[in-house]
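Let's have the full structure, built from the sequences with the hints guiding it.
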Amino acid sequence: MNPTDLPAAVERDANFNFGYLDERTKRMIRRAILKAVAIPGYQVPFGSREMPLPYGWGTGGIQVTASVIGPQDVLKVIDQGADDTVNAVSIRRFFQRTTGVAVTERTVEATLIQTRHRIPETPLAEGQVIVYQVPVPEPLQRLEPRETETRRMHGLAEYGLMHVKLYEDIARYGHVATTYDYPVMVDGRYLMAPSPIPKFDNPKLHMNPALQLFGAGREKRIYAVPPWTSVESLAFEDHPFEVQRWSQPCALCGSTQSFLDEVIVDDRGGRMFVCSDTDWCRQRRPADA
Amino acid sequence: MHENDRPILRVRGVVKRYGARAAVDGVSFELWPGEVLAVVGESGSGKSTLLNAVSARARPDAGEVEFLTRHDGPVDVYALSEAARRLLARTDWGFVHQNAAEGLRMNVSAGANVGERLMALGERHYGRIRAEAGDWLRRVEMDVARIDDSPQTFSGGMRQRLQIARNLVTRPRLVFMDEPTSGLDVSVQARLLDLLRSLTRQLSLAAIIVTHDLAVARLLAHRMMVMKGGRVVETGLTDQVLDDPQHPYTQLLVSSVLQP
Amino acid sequence: MYVAVKGGERAILNSYALLGEVRRGDPALPELSLEQIREQLRLAVDRVMCEGSVYDPELAALAIKQAAGDLVEAIFLLRAYRATLPRLGYTLPLDTAHMRLWRRVSATFKDLPGGQLLGSTYDYTQRLLDFSLAAAGEAPVAAQAAPAAAEAVPRVVDLLGDEGLIEAHVPAAGDPEPRDLTREPLTFPAERAVRLQNLARGDEGFLLAMGYSTQRGYSHSHPFAGEIRHGLAEVEIEPEELGFAISIGDLELTECQMVNQFAGSKTQPPQFTRGYGLAFGASERKAMAMSLVDRALRAGELGEAAESPAQMQEFVLSHSDSLEASGFVQHLKLPHYVDFQAELELVRRMRAGLQAAGEEEERAA
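Protein chains in written order, with our numbering: chain W, 1 to 289; chain X, 290 to 549; chain Y, 550 to 914.
Hint data in this document are derived by calculation from the structure and do not stem from the laboratory. Each residue gets a CB set at the ideal place from its N, CA and C atoms; glycine is no exception. A hint or two may mislead.
[As the list claims (entries may be wrong)] Below, in silico cross-link-like pairs of lysine-lysine (DSSO-like), each with a Cα-Cα straight-line distance of 30 Å or less: (1) LYS882/Y <-> LYS204/W; (2) LYS165/W <-> LYS659/Y; (3) LYS165/W <-> LYS204/W.
[Claimed, not checked] From the structure, some residues in chain Y lie toward chain W, with a derived Cβ separation under 10 Å: (4) ARG676; (5) THR731; (6) TYR886.
Now the structure itself:
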């Protein structure tokens, strides 16, 4: 096995309860999660706690993970698709310290994945749980900042306004100009923000065998997409939803089906494109060093 | 029974109070398909409050508002669920505000303003929405080339035309209008009134127009209702009321306006 | 050959070590003790306790030390600590009429029962740098003693209330328990008890700016500082097994009752209205700002049009918390490679499309 698949060990700190949160708080959050699973795409308000990480840095995802994680779980944490970006490392270390669970960088080995801004390229399987960190859970917020209004719009399924926005994009640019956090309709009922994943990842939300949980700590909302649920990206019949494509394959593994990050390699405009999902990329490369 | 044999709107004993004062005090009337009714009176007479009460925008303290739906016969609009009421309000009804900015989305294009109701009803074909929006801009005599412009850049008269197009795109059968022409220049007013008259005729629209301007009533309405202190003091065919007012208050209104 | 950036884990560990060094500063100088912070930076301690929502000067001092004096960071540390503390019970309502006072001023009456008590305040100092403090070697002075237990000092609002000149605030029927904002999420519209909790924890700078805006025409409410009092209030609990109240100690508090004009309506005679502010410790600026914002947020209830930012509860309550604001503003420094890549690709494509159209036009011309 490739040694980099095992992140550095961190000792379990016995001063903290398993998963940091106290058991009553976990139960409260689990109740919110159950409600969220029962009403796919509906934002359930919950008593979000102040976590030892700043708001906007994944406190919602952390609280969801802390409430569902068990000693047998194998945890993977990614940010921008990578296991080794600083915020992913910081969150993974937090759970190693407060739970002592096994961690991995391999998507297939993980039972629980916490993510910011990506869905792994490796298809998820039944039994896996993926937890998204959500900065702004309300897909209508940029169009209507008043929560009292957006709540009514969800309640009555009045989503014409969202299509007005798409219409405006097409009228102005000839295509929809939203590239990430692209709004979706869940199970034909609730409009949902998929969190700032690139729209490239939107098709993976649809009929996914894994349980998908979304936590927004600052905004104090939890929502969910249960396994095998329909998730449709908004579009017009004559302007169908499309995902990003690259004109070149990953410079490291040659993948043509993954989301690529652009890396600037010198100050003369030189750049290369590599997989944003580091695990996917590494698994596709011949084992070398 | 043919649907034209029944009133499209039946209002019975509507009361709306603000504190101890009744702004509308027991008003009843019927409106027939394709009929235009003007509600006139001075400011404070209760005419705008009445309009809000019968258009399901403010629940009255007493009374009933019954609308003849396309498929389910007469329904009490306040007995409907909020969802059903809002659906009715954006499909079979229209509401034209005095201030167009209240009835428009000022930060999206004219085309999107007209297309919004279609999208809210589930239309998902951009080309059709745009074609329909363009068609309606033509029908309210606007330059179709302005379809992508923001209403911020429109004159008062154009904004009002756009607001009318936005309301009519779902082919409503009943439109409520609150002083639709006041605040506009006289020449702009006259052209807008012409447009409203031809549209209500072409589309057989039933309409309730609240106005303080008897000339507007004369030009548009088949029938009129004169309000004072929250009550209806006189009602009848427009020409009849204007040419031969019976109630002293109507006589006063008519003489103060129509004197040479 | 390019190799994808690795080493996030090592970077973090190094950063921890560096942070410790920077925080400590020159090791040749003596280390600050928590006692020193508590005694000599007491206003900072008060603010951290107040917005951190834990009354514990010791922990607040520790947070300030650990945060190297960054108060918003110290508030964050204290809040995170607080989040998992068990909830043992609730106290009885505080009786601020029986506070033992260090300071009590009213801007509405020259003299009043209980008198004006200036106490320690920067208000009437000339703001000149005092170089004798730089010389280190302050003459020792006697520490401020706890105020003696005294007769109840009636609150100005109660004096007005006796005459019916100010609105009464009677608890709702059955005196329902207020919602606990630290256990339940904020939802709108929020009742006043929830709003006051939010404001009490709210960022002082934010409340100050909001309160200030009400004085500059954005929802003017003609405020008068009816009374500001600072002192010690007794905290009592009533354990179920005892059935009577016992005192468990004192809280140092600042309370501000703002008295505002209200013209009255057809049904209501003109009467003054209230704005309320309460803060831990000596936090007068905070308590006053809070009382202005509290009054502004009552617009709906008093039939005033909510047109200014300070009157809009969704605006004020959603943005008052320094943890939420600081976290979300600063999350912008987290990696956004993926979203940015998506935008970059879009902008390039749109520019290419525009350029192609331009060239086509040129050819056609």
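Violating hint indices (sorted, rising): 2, 4
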